[in-house]
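S.K.: One letter stands for each residue in the lines below.
2 protein chains.
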Amino acid sequence: MAESNRKTQILKDSSRLFRKRGYTATSMRDIAAELNIEAPSLYNHIKGKQEILQILLLDLAQAFTHGMNTINESSLSYRSKLERIIKLHLDLTILNPDGMALLTSDWIHLEEPAFGEFVKMREGYELSFRHILRETLKKEGKESANIDLALFSILSTLRWLYSWYLKNPDINPIELEKEMTENLLSGIFNRK
Amino acid sequence: MAESNRKTQILKDSSRLFRKRGYTATSMRDIAAELNIEAPSLYNHIKGKQEILQILLLDLAQAFTHGMNTINESSLSYRSKLERIIKLHLDLTILNPDGMALLTSDWIHLEEPAFGEFVKMREGYELSFRHILRETLKKEGKESANIDLALFSILSTLRWLYSWYLKNPDINPIELEKEMTENLLSGIFNRK
DNA sequence: GTCTATAAGAGGATAGAC
DNA sequence: GTCTATCCTCTTATAGAC
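Chains as they are written, first to last, in my numbering: chain A, 23 to 214; chain B, 23 to 214.
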């Protein structure tokens, strides 16, 4: 992941710039300027702009897939698994908010085969999420709810959490987790 | 808004392309190709690429501001106003899903003074939303909730609804409204 | 590992014929 | 109102000196 110190620096600065201006609108000169070097110097550390995007996105998608696998393989109740998934999103958001922004918007600019790998990982993730959500709803006798719409609501909020976190970086993570779990799950389970 | 037929066509095709590839990654040649003309011909109808973005975004922001004003000036209860705001989002999403995508992501690429106007309108809108949400929570004795986080959750879901709608265009709008209102408001009001 | 110079191409936009 | 030709700038990336 982080061979040299310089490469780590490039990846970090790139993700921040990509988050702020978008991948396409960020130039190699912009990235280089952030490191106080000239653009061609970047190519001693990375193959090109596309490689930066691929590393950033695929590493993060891996972290999500790995986290979901761990939850899936556990012996927790479905409801607890659901809470763990929310915690997984929160943890990764606090650890890497810039990366989360790319996951939400700049993944479209991935080129093949990275694009296909990314979409496949995301689909697998959402399928697991959907399964756990459906089983939880079943156990709580709420089979009537529109699962896809509920999943979509939860994912939308979790995906945009990075922007909220960037504006409120001082929040207590445990408080945040408590509030988010309430907001997201009560909407589905505590209907009148 | 729509002086000539050609201009309307340009705006419509542009918003679809911007939604799919992003503003920066869409070229004037791409837009022209969609209309089966050459890029320079576009300039007989619009001043440039930036003008297209500005018309699309400011018109839609206007629609939101106007809708919110109408709700604010009404004599409805706060809870009913909240439901009307959700309906406003749903209506505009169904009417113009491509535009909603720009509202969520491509507004960063607006240049001044359009950028400032847009941000000002959005801030006013969110302030009204926040006020109505707070008053509703107060009336229902739920003052403990984190209002900003609740507002953020609701807005995240509403802003991403366009992507869900594009994948599920056959849903009954009334059914959608009912489900969304349940999902979004129960999470805040029906906590155990 | 960083630099300067530069290639090769894409993009927004204009001029002027028809 | 659309076209072809063209300008100018920005962009990614490479070559080769230091």
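It is worth saying that the hints were derived from the structure and are not from the lab. One or more of the hints may lead you astray.
Calculated pairs, DMTMM-like style, for lysine to aspartate or glutamate (alpha carbon to alpha carbon, straight line, at most 25 Å) [to be verified]:
hint : chain 1 : residue 1 : chain 2 : residue 2
1    : A       : LYS164    : A       : GLU204
2    : A       : LYS109    : A       : ASP81
3    : A       : LYS189    : B       : GLU201
4    : A       : LYS160    : B       : GLU201
5    : B       : LYS189    : A       : ASP52
6    : B       : LYS42     : A       : GLU134
Simulated restraints on C-beta separations [what the hints assert, rightly or not]:
hint : chain 1 : residue 1 : chain 2 : residue 2 : range
7    : B       : ASN27     : A       : ILE169    : 39 to 49 Å
8    : B       : ALA61     : A       : LEU188    : 43 to 53 Å
9    : A       : SER102    : B       : GLU162    : 22 to 32 Å
10   : A       : SER102    : B       : SER96     : 18 to 28 Å
11   : B       : LYS69     : A       : LYS200    : 46 to 56 Å
12   : B       : ILE59     : A       : ASP52     : 32 to 42 Å
13   : B       : PHE137    : A       : LEU188    : 39 to 49 Å
14   : B       : GLN31     : A       : ILE193    : 45 to 55 Å
15   : A       : ILE59     : B       : ARG213    : 51 to 61 Å
16   : A       : ALA85     : B       : LYS142    : 51 to 61 Å
17   : B       : GLU197    : A       : ASN58     : 33 to 43 Å
18   : B       : ARG213    : A       : GLY70     : 46 to 56 Å
Rough simulated footprint, nothing fancy, chain A against chain B, three-plus residues with beta-carbon under 8 Å [claimed, not checked]:
hint : region
19   : 143-152
20   : 178-189
21   : 203-213
Computed from a predicted model, the values in this text were never measured in an experiment. Beta carbons: idealized from backbone N, C-alpha and C, even for Gly.
S.K.: Mind listing which of the numbered hints don't hold for this structure, in increasing order?
M.R.: Hints 3, 5, 8, 10, 13, 16, 17, 19 contradicted; others consistent.
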